[in-house]
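Number of protein chains: 2
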Amino acid sequence: MTKPGTAANGLFLEDLRVGQRFSSGEHTIDAAQIMAFAAQFDPQAFHLDGEAAKATLFGGLAASGWHTAAITMKLLVESGLPLGGGIIGSGGEISWPKPTRPGDALSVVSEIEEVNPSRSRPDRGMIRVRSETRNQRGETVQILIAKLVVPRRTTAALAT
Amino acid sequence: MTKPGTAANGLFLEDLRVGQRFSSGEHTIDAAQIMAFAAQFDPQAFHLDGEAAKATLFGGLAASGWHTAAITMKLLVESGLPLGGGIIGSGGEISWPKPTRPGDALSVVSEIEEVNPSRSRPDRGMIRVRSETRNQRGETVQILIAKLVVPRRTTAALAT
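Top line first, the protein sequences correspond to chains A and B. So the first sequence is numbered by the numbering used here: it starts at 6 and just counts up by one. So the second sequence is numbered by the numbering used here: it starts at 6 and just counts up by one.
Any given hint might turn out to be false.
The list treats identical chains as one, so a pair stands whether inside a single copy or across any two.
Within a straight-line C-alpha distance of at most 27 angstroms, the following computed DSS-like cross-link-like pairs (lysine-lysine) qualify [as the list claims (entries may be wrong)]: (1) Lys103 / Lys152; (2) Lys59 / Lys103; (3) Lys152 / Lys59.
These are calculated hints, taken from the structure and not from any lab test. The structure presented is a predicted model; accordingly, all values stated were derived computationally and were not measured.
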């Protein structure tokens, strides 16, 4: 069964195991992207102006953490986490151990930490996924521990 | 003392107390904004295509959770959380109890939950802030519990 918005060869709840790991492609960020995102969503000097940023806690231009989160999502959707029902999060924990800088090439490594079938909804379950976003030096710029809703492959059969 | 990127009349660590509350202005989101953000950062049918979205778990077009997070940040920076050193987060917990829909007018109510001076760095401290993003019906679409770095007003004096 392929529903709109699902990857034809994506993974469903039955396909997922604790410890499974996935790697995304890469996205390179530059100063123009950092400033454009910041102008729209996080208009603070350390995200908008390289000169002014030098005098701040960041010591130079840095991406908004929400920009790093958005790029992480893009990498997960496009290549990093091939879920058949799409990537649907109910929430999670996020941290930014280091800033994202102009020129950084970001990629995401994800690991399944929990797989829990729903007791009340036989068509789905929840998984917990730890996604580390790293730059080209292997430094972790974001850790996201997300709770995702994942449909079972057998949804259609159970629903009828 | 006003540094680049700081609000001239913003609050510093000494000004913050547990239980203080702040309210932001409003941002109205429409389908075009939802689809533009999704095309760039979260290209999934339920964020990109109102028709296709009907057949998904969302039952219609919904904003990416990261879009709701980015708009929340914009509201906090522009009006919702007047910190003198800017809004600098090290991380936090985020959840999306309800989807954000086209036409929603979002605003943010924040409450200071903790104020902790740093033991090792006399020029700053950490605060924990709970920010609820609500739509025009008063429904909460996002809860963010963020840990922020906040400078002391007396930084300059201590540094010399």
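Evaluation of the provided hints:
1. For the homomeric pair Lys103 and Lys152, the shortest alpha-carbon distances inside one copy (23 angstroms) and between copies (15 angstroms) are both at most 27 angstroms.
2. Taking identical chains as interchangeable, the C-alpha atoms of Lys59 and Lys103 lie at most 27 angstroms apart only when both belong to the same chain, with a minimum of 16 angstroms there against 39 angstroms between chains.
3. In this assembly of identical chains, Lys152 and Lys59 lie within 27 angstroms of each other by CA distance solely across copies; the values are 23 angstroms between and 37 angstroms within a copy.
The structure is consistent with each of the numbered hints, conforming to all of them.
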